[in-house]
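Work out the full structure: start from the sequences and follow the hints.
Residue numbers (the working numbering): 853 to 905.
One thing to keep in mind: the hints can contain errors.
Under the rule of at most 20 Å between Cα atoms (straight-line distance), these lysine to any residue pairs were calculated in the SDA-like manner [what the hints assert, rightly or not]: (1) Lys-880 x Ile-867; (2) Lys-880 x Arg-902; (3) Lys-880 x Glu-896; (4) Lys-880 x Val-864; (5) Lys-855 x Gln-871; (6) Lys-880 x Ile-894; (7) Lys-880 x Val-859; (8) Lys-880 x Ala-898; (9) Lys-855 x Arg-900; (10) Lys-880 x His-903; (11) Lys-855 x Glu-886; (12) Lys-880 x Gly-904; (13) Lys-855 x Glu-879; (14) Lys-855 x Leu-893; (15) Lys-855 x Lys-880; (16) Lys-880 x Arg-892; (17) Lys-855 x Arg-877; (18) Lys-880 x Asp-868; (19) Lys-855 x His-878; (20) Lys-880 x Leu-893; (21) Lys-855 x Gly-866; (22) Lys-880 x Arg-900.
Hints listed in this document are in silico derivations from the structure and should not be mistaken for laboratory results.
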Amino acid sequence: MAKVDAVRLSSVLGIDVAQAMLRLRHEKYPGETEHETCLRLIAEDARRRRHGA
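In structure tokens form, the structure reads like this:
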């Protein structure tokens, strides 16, 4: 499912798949799955966009 999450993250954030895979690997919290990391990163990006930061 990691590739699916990387493709989804790259599509939402507008980054390439390789960069999305690296972000999933490096920004993962201990005990968090890559899918949970993907959803968290998408939510954080949406929050940033909503608040104009």
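Evaluated hints:
no. : hint              : in the structure
1   : Lys-880 x Ile-867 : 18 Å, holds
2   : Lys-880 x Arg-902 : 23 Å, violated
3   : Lys-880 x Glu-896 : 13 Å, holds
4   : Lys-880 x Val-864 : 18 Å, holds
5   : Lys-855 x Gln-871 : 12 Å, holds
6   : Lys-880 x Ile-894 : 13 Å, holds
7   : Lys-880 x Val-859 : 16 Å, holds
8   : Lys-880 x Ala-898 : 18 Å, holds
9   : Lys-855 x Arg-900 : 25 Å, violated
10  : Lys-880 x His-903 : 24 Å, violated
11  : Lys-855 x Glu-886 : 10 Å, holds
12  : Lys-880 x Gly-904 : 25 Å, violated
13  : Lys-855 x Glu-879 : 16 Å, holds
14  : Lys-855 x Leu-893 : 15 Å, holds
15  : Lys-855 x Lys-880 : 15 Å, holds
16  : Lys-880 x Arg-892 : 9 Å, holds
17  : Lys-855 x Arg-877 : 12 Å, holds
18  : Lys-880 x Asp-868 : 18 Å, holds
19  : Lys-855 x His-878 : 15 Å, holds
20  : Lys-880 x Leu-893 : 10 Å, holds
21  : Lys-855 x Gly-866 : 16 Å, holds
22  : Lys-880 x Arg-900 : 19 Å, holds
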